[in-house]
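Put the two chains together into one complex; each comes in its own frame, and the hints tell you how they fit.
Here's the letter readout for the chains.
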Amino acid sequence: MNIRHLAFLIPLLLLLALGGLAGTILLRGDDPSVIDNPLIGHAAPPMDFGGWNHNDLKGSVALVNFFASWCPPCEAEHPILTALRDTHKIRIFGVNVRDDTDRRDSFLKRLGNPYAAIADDPKGEISILWGTTGTPETFLIDANGIVRHRFSGPVTDSDVNDVILPMIRGTR
Amino acid sequence: MKTILRTILFLTFLHAPAMAMQDPREKLFDPALEQRAQSLFHDLRCVVCQNQTIADSNAAIAADMRAMVREQLLAGADDDSIINMLHDRYGDYVLMRPPVDGRTGLLWLMPLIGLAGGGVVLLFVLRRARTQIDRGDAP
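For the record, the sequence lines run as chains A and B.
In this text, residue positions in the first sequence follow the working numbering: the first is 1, and each later residue adds one.
In this text, residue positions in the second sequence follow the working numbering: the first is 173, and each later residue adds one.
Keep in mind that the hints are not guaranteed to be accurate.
Beta-carbon label-pair distances, calculated as ranges [to be verified]:
#1 B:Gly248 with A:Leu16: 48 to 56 Å
#2 A:Val34 with B:Thr175: 38 to 46 Å
#3 B:Gln207 with A:Gly20: 43 to 51 Å
#4 A:Arg28 with B:Thr175: 54 to 62 Å
Treat the hints as calculated values from the structure; they're not laboratory data.
Ideal Cβ positions, reconstructed from N, Cα and C, are used throughout, including at glycine.
Bound conformation, chain B alone (with noise of 0.2 Å):
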């Protein structure tokens, strides 16, 4: 039963990759080009999926952001433009970076936060320790 549950896991994100394949005929002839382009697509966020970049989505919606990813490089257009762009369209959701600013700013704190509450804690402990060592009750 086990194997069979590997087995079948295994083939499963064997599969994933395939699945999440975009239509070779949609790439820039200039690999530079096509480059910067994918590495766009891993910015962006699907805006019909819950959490897929549209490197990985095979929405129509998403193919049609690609297409006018390309089709804004061809044209000369810098990446912040072209991130710009999308993020007037569809605001935050469309990055898979928030920006930091007010509504987010507790967010990219949290991890900060939350080193200061533990170090404050250890800080604590470590001192209770100290005092119980002091006092010549530690085993």
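The shape of chain A in the complex, shown without the other chains (with noise of 0.2 Å):
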């Protein structure tokens, strides 16, 4: 048997290399819709659009919570939001995302108020500046004013207790 004649396995091989690398990006669970926030290890961007600005974060452990009205999971987020406040003495910081004041308003009276400071953003600029793909958005953010973690959707309690509580107590 010549060794050319195994020439043509060449193509079958590069076929099931190509298979195998794609099968297993696939598999790999990541939800594709998620894209990565450039943002995280980096500080805060600077911004200034009334409410609040990047030097209002630093200090302790805080919180900067993309909102609307119109937007139904945020209703669903909102008592751990206020829960975290309550118990744990974390800042808030709001951008209210596309929306009215009026309508805002309600909202905080039905649902009360968590926030330290709430920023305006009826033109989605802040959301762009921050990379938000959606409302809410939620970001974490050190003592020293860096962004450490992105949550994409509502926060849950299994966000608050394995990444939010912890950077608090100082053990991440």
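Okay, structure coming up:
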């Protein structure tokens, strides 16, 4: 058997290698619709749109929460944010996305206001500045004003227990 | 049946450009700037869509991004700085054309690798064909 007769195996092997590569990437279980946020590990972007600015974030662990009155998942995470503020004294800075002030106020009146301060973002400028893709979205900021984590979608109890509380306790 | 299917298909595609239209009120007054804006829109990917540029998307965030691009153009920013600004915020995902770097190098080189591989195979086949002709056992 001539070694050359095995040449037909080369494309087959290439195909298998490619298939294997595609397969491992597909089966890794990442959600391709969640985009990596390049802000993680960097200082919060400088901003001054009223309400609060990047300097306010420094001092202790803080959350930046993008919310809106038109967003049901925001309503779902609201009690969790309130509990975080009440029991752990964490400061939450709100960004009110594409909302109007009256609706925002009645939303907060109905559900309570956990925010230390709120910046209004009627044109989505702050959202683009932070690279958000949806609402709600929440960023965890350490005491030095560095962005440490992003929660895409509503913050859950396991997010609080696994990520936020350890950071407040200074274990990560 | 076939005719009906064809008609439906035809109407669907006829309808497509209308669905993808941007709000004409967004347009910039200066036609040269507007043209630059449109060409930038085609390089930027809508971050909540699977594969659509912000020129084609009617998602709220795409509209906000278009507004931001136009605002930057009016403020005198150059194309690269606008693209870089969005790239800093959203990473490679926002670019319709991924940059060539260590991670995407294989992707960009793939056509060349494929061509080279095909060339090698072709070379072998041709050489074998020639030896067969030389031996006189060609048809």
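Kindly indicate which numbered hints from before are broken by the structure, ordering the numbers from low to high.
Number 4 - this is the single hint that the structure violates.
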